[in-house]
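Using the sequences provided together with the hints, build the complete structure.
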Amino acid sequence: MRAGVASTRSARTTTGRAFERARDAGGRPRARVVRRARISTKDPWWEKGGEENMVECVDTGAFLNLLNVHSDKLIVVDVYARWCGACRALYPKLCKLAREYPEVVFVKVNFDDNKLLCKSLGVKVLPYFKFYRGSDGCVAAFSASIAKIKLLRAALDEHSSERCSLIEGKVEYNDLDDLAELEAMSPEERAAAEPSSVSS
Numbered sequence: 001m002r003a004g005v006a007s008t009r010s011a012r013t014t015t016g017r018a019f020e021r022a023r024d025a026g027g028r029p030r031a032r033v034v035r036r037a038r039i040s041t042k043d044p045w046w047e048k049g050g051e052e053n054m055v056e057c058v059d060t061g062a063f064l065n066l067l068n069v070h071s072d073k074l075i076v077v078d079v080y081a082r083w084c085g086a087c088r089a090l091y092p093k094l095c096k097l098a099r100e101y102p103e104v105v106f107v108k109v110n111f112d113d114n115k116l117l118c119k120s121l122g123v124k125v126l127p128y129f130k131f132y133r134g135s136d137g138c139v140a141a142f143s144a145s146i147a148k149i150k151l152l153r154a155a156l157d158e159h160s161s162e163r164c165s166l167i168e169g170k171v172e173y174n175d176l177d178d179l180a181e182l183e184a185m186s187p188e189e190r191a192a193a194e195p196s197s198v199s200s
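All letters in the sequence shown, in the order written, are residues 1 to 200 by the UniProt record's numbering.
Nothing false has been slipped in among the hints.
Across the chosen pairs, the derived CB separations fall in these ranges:
1. 189 - 51: 34 to 42 Å
2. 162 - 185: 35 to 43 Å
3. 99 - 188: 37 to 45 Å
4. 149 - 188: 40 to 48 Å
Here are the simulated lysine-lysine pairs, BS3-like style, with alpha carbons at most 30 Å apart:
5. 115 - 150
6. 48 - 124
7. 42 - 124
8. 148 - 108
9. 73 - 150
Simulated from the structure, these hints should not be mistaken for lab results.
Note that CB positions come from ideal geometry on N, CA and C, so glycine has one too.
What follows is the structure, given as structure tokens:
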């Protein structure tokens with residue numbers, strides 16, 4: 001009978017053996033502690049490895065200016081946060097895509113520094129991407145993590161091709177109508193309009 005017990009024990013998993021040994025010893029099995037990695041904001045990962053076609057957006061006025069200055073190109077808006085683990089994991093891949101698509105302008109928007117802009121862009125989850133193409137306006141908008149990098153690449157392939165437009169390059173963005181109003185607000189009005197935090 002003892003041999004039968006030994007053979008069933010050897011067939012058990014490592015976890016099962018740990019519980020068996022703990023029970024035989026009269027104690028409780030030790031719990032395995034798993035901790036989430038903390039994203040350090042002391043390491044400025046969002047500033048590293050930026051390509052020439054990657055631009056940091058500091059406020060709403062700068063954002064509108066970038067859209068109008070580069071109205072003849074595809075503009076990819078990347079909304080990120082320094083504390084967002086998915087944003088940090090995706091950033092090196094985004095830099096690689098910026099090198100592969102030098103004709104595309106990548107605009108980085110820090111969620112924490114531009115909450116009103118992010119609210120007007122409809123950001124609900126991070127990292128979030130919005131693609132703008134001249135007179136076509138917004139041509140794509142989605143959230144993509146490191147696991148969905150193919151989605152980002154497919155959108156770049158689809159929208160970065162050369163286009164011939166009969167319409168003047170002046171940009172008109174229907175989803176950004178309220179940005180001029182936001183820019184004209186006083187600091188007190190902006191503070192009152194601040195949205196709540198977005199979780200990653």
